[in-house]
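K.L.:
Taken in sequence, the protein lines are chains A and B. Heads up, the first sequence is in my numbering, so the first residue is 1 and it goes up one at a time. Heads up, the second sequence is in my numbering, so the first residue is 1 and it goes up one at a time.
I should point out that these hints are in silico values taken from the structure, not numbers from a laboratory. A virtual CB, placed ideally from N, CA and C, is assigned to each residue, including glycine. Hints should not be assumed to be uniformly reliable.
[Stated by the list, open to error] If you want a taste of the chain B side facing chain A, the calculated C-beta under 10 Å gives, among others:
#	residue
1	ALA32
2	ALA33
3	CYS36
4	ILE56
5	ASN57
6	CYS59
7	THR83
8	TYR103
9	MET113
10	LYS116
11	PHE128
12	MET129
13	GLY168
14	LYS174
There are 2 protein chains.
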Amino acid sequence: MENLTKTARTTVKRAPKRGIYDKKILYKILDAAFICHVGFIDNHYPVVIPMACWRINNCFYIHAATNSRLAKQLRTDSDVCATVTILDELVLAKSAFHHSMNYRSAMIFGPMMEVKDAKAMNIILQAFMEHVQPGRWQKVRLPNKKELNLTSVFALNLDEASVKIRSGGPVDDKKDLQRDVWAGTVAIPTKD
Amino acid sequence: MENLTKTARTTVKRAPKRGIYDKKILYKILDAAFICHVGFIDNHYPVVIPMACWRINNCFYIHAATNSRLAKQLRTDSDVCATVTILDELVLAKSAFHHSMNYRSAMIFGPMMEVKDAKAMNIILQAFMEHVQPGRWQKVRLPNKKELNLTSVFALNLDEASVKIRSGGPVDDKKDLQRDVWAGTVAIPTKD
Numbered sequence: 001m002e003n004l005t006k007t008a009r010t011t012v013k014r015a016p017k018r019g020i021y022d023k024k025i026l027y028k029i030l031d032a033a034f035i036c037h038v039g040f041i042d043n044h045y046p047v048v049i050p051m052a053c054w055r056i057n058n059c060f061y062i063h064a065a066t067n068s069r070l071a072k073q074l075r076t077d078s079d080v081c082a083t084v085t086i087l088d089e090l091v092l093a094k095s096a097f098h099h100s101m102n103y104r105s106a107m108i109f110g111p112m113m114e115v116k117d118a119k120a121m122n123i124i125l126q127a128f129m130e131h132v133q134p135g136r137w138q139k140v141r142l143p144n145k146k147e148l149n150l151t152s153v154f155a156l157n158l159d160e161a162s163v164k165i166r167s168g169g170p171v172d173d174k175k176d177l178q179r180d181v182w183a184g185t186v187a188i189p190t191k192d
Numbered sequence: 001m002e003n004l005t006k007t008a009r010t011t012v013k014r015a016p017k018r019g020i021y022d023k024k025i026l027y028k029i030l031d032a033a034f035i036c037h038v039g040f041i042d043n044h045y046p047v048v049i050p051m052a053c054w055r056i057n058n059c060f061y062i063h064a065a066t067n068s069r070l071a072k073q074l075r076t077d078s079d080v081c082a083t084v085t086i087l088d089e090l091v092l093a094k095s096a097f098h099h100s101m102n103y104r105s106a107m108i109f110g111p112m113m114e115v116k117d118a119k120a121m122n123i124i125l126q127a128f129m130e131h132v133q134p135g136r137w138q139k140v141r142l143p144n145k146k147e148l149n150l151t152s153v154f155a156l157n158l159d160e161a162s163v164k165i166r167s168g169g170p171v172d173d174k175k176d177l178q179r180d181v182w183a184g185t186v187a188i189p190t191k192d
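Can you make the complete structure from the sequences, with help from the hints?
P.N.:
Spelled out as structure tokens, the structure:
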């Protein structure tokens with residue numbers, strides 16, 4: 001299994017015990033996600049925008065309206081950090097301090113390059129539809145030329161990435177284990 | 001109802017038709033979220049990290065290990081964009097182009113300041129537990145001095161924020177409405 005390259009740019013390391021550098025695990029996390037949070041620098045300030053996302057092989061994709069601020073931004077300064085997080089469970093412990101959450105997350109670093117080739121765009125957008133609902137591309141009306149002109153696709157290579165996962169129950173101090181309070185993992189509550 | 005202040009820093013505007021500047025709506029989105037994505041600039045590159053989050057009044061909070069990279073970073077350069085996104089549904093249309101997602105999102109901009117006062121920290125951490133599971137603070141072992149020393153809390157004022165929401169079904173072109181493919185909204189599929 002190929003390891004992910006870590007370069008000097010990846011200056012923020014995740015906590016080592018939850019850091020995993022394995023492409024199969026990275027791909028599985030990305031394939032389970034429908035959105036990522038794309039961070040970029042605009043006028044010296046950080047900006048984070050949620051975007052739909054999908055993967056083909058060793059590339060990660062987003063799309064945006066051709067004239068959107070994000071598309072214009074990426075054409076000016078393509079350096080991003082795209083982070084995918086799937087929040088799985090709340091971890092309730094017997095002490096306040098040991099509460100946690102179970103999640104799978106991936107941070108991808110690099111330049112996000114625009115895909116301009118029409119044939120490539122078609123393949124990439126079809127893969128997006130497959131990700132959203134397999135088989136649907138064969139049923140819907142496909143994008144016409146005007147719609148494709150309104151759509152920009154950007155690609156991020158997956159060689160510079162890190163993964164962080166927490167799973168399992170709470171890890172309480174021994175002295176707290178007898179405390180009369182339920183502990184364990186629960187689904188993420190949905191709030192309106 | 002108070003409007004959110006938009007300053008020159010908020011240079012990335014959301015699409016106007018989905019942009020909403022109303023604090024009640026902002027608060028409701030934040031209160032429904034368990035994580036945010038905090039974007040900051042580290043060594044001239046953007047970095048986006050998922051963090052647990054919660055709100056009290058007009059302030060938004062995260063916590064981090066005192067010696068974590070994020071805590072050190074925020075003490076060096078506190079400017080962040082913290083983005084909360086609640087993904088509600090996939091929106092399946094009759095044309096590929098009009099597929100979308102229903103979501104509620106908020107972007108908050110500003111300096112994220114460390115809370116150092118012990119009494120304030122206690123109130124803020126209690127509010128976090130209330131957010132995770134109401135009433136639990138009264139049952140669990142509360143943080144001791146050592147644990148509090150290992151925990152840093154950071155606050156972000158909610159005056160500089162923007163909200164973006166999509167709800168409702170697909171909006172297809174009239175000419176596609178007769179097409180023989182199901183269209184509507186579906187829950188977000190869960191993938192392992």
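K.L.:
Could you check the structure against the hints above and give me the numbers of any it violates, in ascending order?
P.N.:
4, 5, 6, 9, 10, 13 and 14
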